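The opening residue of the first sequence carries number 1 in the numbering used here; numbering runs sequentially from there.
Hint data in this document are derived by calculation from the structure and do not stem from the laboratory. Note that the structure is a prediction, hence the values are computed from the model and not measured. Where a beta carbon is used, it is the ideal one built from N, C-alpha and C, also for glycine. Be a bit skeptical, because a hint or two may be false.
Restraint ranges, calculated between C-beta atoms of paired labels, are given here [as the list claims (entries may be wrong)]:
| id | residue 1 | residue 2 | range |
| --- | --- | --- | --- |
| 1 | R277 | A53 | 42 to 50 Å |
| 2 | R234 | E208 | 26 to 34 Å |
| 3 | R32 | I240 | 33 to 41 Å |
| 4 | R25 | G160 | 44 to 52 Å |
| 5 | T47 | A200 | 47 to 55 Å |
| 6 | R234 | Q212 | 19 to 27 Å |
| 7 | Q216 | A53 | 22 to 30 Å |
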Amino acid sequence: MPELPEIEVLKRSLEPHLVGDTIERAVVRDPRLREPVRPAELARRVTGRRIRALRRRSKYLLIELEGPGAGETLVVHLGMSGRLTLVPAGEPEEPHEHVAFHLRSGRRLRLRDPRRFGMVLALASDKLEQNPHFSGLGIEPLSGEFSGAWLAAAAAGRRGPVKSFLMDARVVVGVGNIYASESLYLAGIHPVRSVARLSAARWDRLAEAVVQVLSQAIAQGGTTLNDFADGEGRSGYFQISLSAYAREGEPCLTCGTPIRRIVQSGRSTFYCPRCQR
DNA sequence: CGTAGACCCTGCGCGC
DNA sequence: TGCGCGCAGGGTCTAC
Numbered sequence: 001m002p003e004l005p006e007i008e009v010l011k012r013s014l015e016p017h018l019v020g021d022t023i024e025r026a027v028v029r030d031p032r033l034r035e036p037v038r039p040a041e042l043a044r045r046v047t048g049r050r051i052r053a054l055r056r057r058s059k060y061l062l063i064e065l066e067g068p069g070a071g072e073t074l075v076v077h078l079g080m081s082g083r084l085t086l087v088p089a090g091e092p093e094e095p096h097e098h099v100a101f102h103l104r105s106g107r108r109l110r111l112r113d114p115r116r117f118g119m120v121l122a123l124a125s126d127k128l129e130q131n132p133h134f135s136g137l138g139i140e141p142l143s144g145e146f147s148g149a150w151l152a153a154a155a156a157g158r159r160g161p162v163k164s165f166l167m168d169a170r171v172v173v174g175v176g177n178i179y180a181s182e183s184l185y186l187a188g189i190h191p192v193r194s195v196a197r198l199s200a201a202r203w204d205r206l207a208e209a210v211v212q213v214l215s216q217a218i219a220q221g222g223t224t225l226n227d228f229a230d231g232e233g234r235s236g237y238f239q240i241s242l243s244a245y246a247r248e249g250e251p252c253l254t255c256g257t258p259i260r261r262i263v264q265s266g267r268s269t270f271y272c273p274r275c276q277r
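With the hints as extra help, turn the sequences into a complete structure.
If you want it as structure tokens, here you go:
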């Protein structure tokens, strides 16, 4: 479901409602997620704490809680099928509901995740960077330091197709399967091309394309192919703007050549065989 | 060391 | 209608 833009949209939609509210109870209905939820530890770290701020790192939503010391951070990852929504108290439980946070305002923040690739855990805020999920993460593509030169430097001595490189979170975070195809299409770069064979100018174009695609997707509320929704259940509409992803056989918007689908590292890649070299 | 593939899950749409 | 198959936005581990 979610790549960087979807998590950013989720964060922005929840922020005004959550900041200032207090978590009164963490209810774990089904601990079976990618990493089993630890109910006792979760409750201990979040119960009674006021929500100070929301942040995003990579595809993780970070809910920062006040507390003694540096405070605690509630970490939520949506995996492929996770949905985090704010609902009124008394809303009936839905299938695949794993965790619900009861808030002082009476609302509930609940996580549903049919495929169970998601994650919920709480960490001491000052230990976040040392956590294995975060310690190896690469650069944020919407940060000022991200550039073609940065990508080129990260690619030095590496091999393999540029699409896999772009989706490697140790290099740059947040670019998943949809936005990798879209960025390469916009940059006019063939997804199979080796990172060892990209000029500096093309690295620049790629970095610009990534920034443009992600920014536009955020502005349009994310991509809803099946089930993405923000914290209040609203769908995104960037799917209307997709140029390559999920358009196999349909004409390229630039040259009319049918969009092609191939499989790289077990994931679908969509590209225009004429415009992308 | 880096890269490719398998794997973790459920649900949906499609063709037969 | 019902069934089997392929496919799905992610991350991690293993084998080469």
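Tested hints:
no., hint, in the structure
1, R277 x A53: 42 to 50 Å, "44 Å, holds"
2, R234 x E208: 26 to 34 Å, "29 Å, holds"
3, R32 x I240: 33 to 41 Å, "35 Å, holds"
4, R25 x G160: 44 to 52 Å, "47 Å, holds"
5, T47 x A200: 47 to 55 Å, "52 Å, holds"
6, R234 x Q212: 19 to 27 Å, "23 Å, holds"
7, Q216 x A53: 22 to 30 Å, "26 Å, holds"
Violated hints for the displayed structure: none, as all numbered hints are satisfied.
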